[in-house]
Structures are given as structure tokens and as C-alpha cells.
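Spelled out, the chains give:
Protein chains: 2
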Amino acid sequence: MFVNYFITFVLMEIRVRKATPEDLTEVVELIKELAGYEKASSEVKITIDELKKDGFGNQPWFWILLAEVENQIIGMSFYYIRYSTWTGKNLYLEDIIVKQQYRGNGVGQLLFAETIKAAKELKVRQMIWQVLDWNEPALNFYKKFDAEFDPQWINGKLRFEY
Amino acid sequence: MFVNYFITFVLMEIRVRKATPEDLTEVVELIKELAGYEKASSEVKITIDELKKDGFGNQPWFWILLAEVENQIIGMSFYYIRYSTWTGKNLYLEDIIVKQQYRGNGVGQLLFAETIKAAKELKVRQMIWQVLDWNEPALNFYKKFDAEFDPQWINGKLRFEY
Chain A
1 MFVNYFITFV
11 LMEIRVRKAT
21 PEDLTEVVEL
31 IKELAGYEKA
41 SSEVKITIDE
51 LKKDGFGNQP
61 WFWILLAEVE
71 NQIIGMSFYY
81 IRYSTWTGKN
91 LYLEDIIVKQ
101 QYRGNGVGQL
111 LFAETIKAAK
121 ELKVRQMIWQ
131 VLDWNEPALN
141 FYKKFDAEFD
151 PQWINGKLRF
161 EY
Chain B
1001 MFVNYFITFV
1011 LMEIRVRKAT
1021 PEDLTEVVEL
1031 IKELAGYEKA
1041 SSEVKITIDE
1051 LKKDGFGNQP
1061 WFWILLAEVE
1071 NQIIGMSFYY
1081 IRYSTWTGKN
1091 LYLEDIIVKQ
1101 QYRGNGVGQL
1111 LFAETIKAAK
1121 ELKVRQMIWQ
1131 VLDWNEPALN
1141 FYKKFDAEFD
1151 PQWINGKLRF
1161 EY
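Going down the list, the protein sequences come from chains A and B. Going by our numbering, the first residue of the first sequence is number 1, and it counts up by one from there. Going by our numbering, the first residue of the second sequence is number 1001, and it counts up by one from there.
A couple of the hints might just be wrong.
[Said to hold, decoys possible] Mimicking DSSO-like on lysine-lysine, the simulated pairs with C-alpha atoms at most 27 Å apart in a straight line are:
1) A/Lys89 with B/Lys1089
2) B/Lys1117 with B/Lys1157
3) B/Lys1117 with A/Lys143
4) A/Lys117 with B/Lys1039
5) A/Lys45 with B/Lys1039
6) A/Lys89 with B/Lys1144
[What the hints assert, rightly or not] Just so you have them, the derived chain A footprint on chain B, three or more residues with Cβ under 8 Å:
7) 1017-1026
8) 1099-1108
9) 1139-1150
Simulated from the structure, these hints should not be mistaken for laboratory data. Every value quoted in this text rests on a predicted model; they were computed, and no experiment measured them. Cβ atoms here follow ideal geometry from the backbone N, Cα and C, with glycine treated the same way.
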């Protein structure tokens, strides 16, 4: 067991790069994997065409960083700009996802650190995100980065059909 | 007392229009008024210049609807696009603010309804926002519109200094 862990750890060389439209099939798989974990698979309505149009046109609405091992995608960070009336442009981390079999190897930390780097390049005052109150592993993960948490806010929503 | 209320109600003709850069001094006043109510005045770092640059350039990061009575600004809705990996483009209502002395006259409802209209013009699947869990008047307001609420999410944050 120890040997296996040791070998995995040593051999994994993780590369982080920006996603291109060619990656979107795998991106959608990652999105569905996380939605399953969050018990909300039926909420995933997004399509590859939509992601292509919205993320890779003249005005990209989001950016994706991919983590790869030997050219295989093993995780991603999905982020965009949100505008606060108190602090202006914020980087909002929508999702950070690592494939099940690659968890516990620092991939998430690497993606989070690279997203912080992206936030600082954008000169935003804050990087923000949301986490489910029952998701202990995620909460503990963010605590390592000295994150602040505010549980006072409730999410509200109206759905539209066309 | 009854007479006063009656007169106020009848005479108020409310107009809703998009904000221009010339309105930003008053917009910042409204932002500060809400921050005071939410017990967070010291959190307001935004400047008029920043709002001008970010909201009225080639790529606007937000939009503002203003409610006016006799050319006097009495409230606003401040919104922008957020990108969900589940539902694509969402309209996010950052703030809906009505000046204290004009509350209770349907100004907030009018602004909310106009924001729903903007959301539908943008063909987004959802309109979303956050509300403080102790803000009963706001929660009751949104319930009138059959909004869904999800209290499971905690806001996380990292602050950056440059």
C-alpha cells in the first residue's frame, strides 16, 4: 500500500494549461462528475456548443485551467469575473474538480494556487467561491489557504423556460 | 398620517431607465446606503472611476437600472452575467436598493420585475441572487415572486493586497 502510494506520487508530473475548445468534451465529463458528487446531476443543462460559443468568442464569459498527467486531463479550475458593488472585479471560482482516482495528490491545491495566480494577474481585490456546508473535505481544503467563510447568505433563484 | 401616505402614493410616477456614467455619484451613494443597512460600510472600496471604466467601456462588466421620480433617483438594480457550469449564462442580481423614504411603495417590485425582463431578453436560464439569512423583509419580498432558496452554500473568500 505504501509502495503504491509512493510510486504514484513520484511518477505524477502535473502540468497546468488553459483549455481550448478541443477540450470541451472532457470538461463536460468533469462537470458531470462533480454534479454527481453534489447530488445534482439532473441540474446539468449545459452543452458543448454553448461552452464553445460562450468561452471562446470575442468576449469570453469564463476561463478554464486544466491539470494534465501525460496529456490526460485529470482536473480543472473553472472561473470568471464577478462584479461587486463593494470591491469591483472579483475572480469567482465556479468549480475546482479533480477526477476521483487522482484525489489526495495535491492536484486540487495546484489548481487552486494557479487560480490565485490568475486572480492576481487580473489585479482583482478578491477571489471568491461557494462551498456546500456539508462538504467537509472541501471546507478543510480551503482552510489551508486561510480563506474567510460567511454562512449568512442564502442563494435565491428564479428559473425561466422559453 | 393617512392623507400624507395617500398623497405620496398617488403622485409618484416611477420611471425606470438604464444608468449612464453621469449617474455614478448617486449610484455610489445608494451602494453605501445598502452597505450601512447590511452592517458592512467599511467593505465598500469601489470608486466612481472604477465603475465608469468597468461598466461603460467596450466590455461592460455590469448594468444598472435606475428608478426615478421627477428626475430624482430613488433606487436601482445592479446586475451582471454569471456563468454556471450547469446552466450557462445566468443573470445575477447583485443589488436591489430603494432609498429609505421611498420604500413600501412598490419601487423594489418594479425594479425586480424590470430585471426579470432584462434576464429574459438575455435568454438566460436563471436569474439568481443572494440574501442575508436575517433579512426578513427581503426574504418575504422574493417569496412573492415564487423564488427558490438554497441555504446550503457557504461563501468563501481570499482577499488580496497589492
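Hint by hint, where does the structure go against what was stated? Just the numbers, ascending. 2, 3, 4, 5, 6, 7, 8
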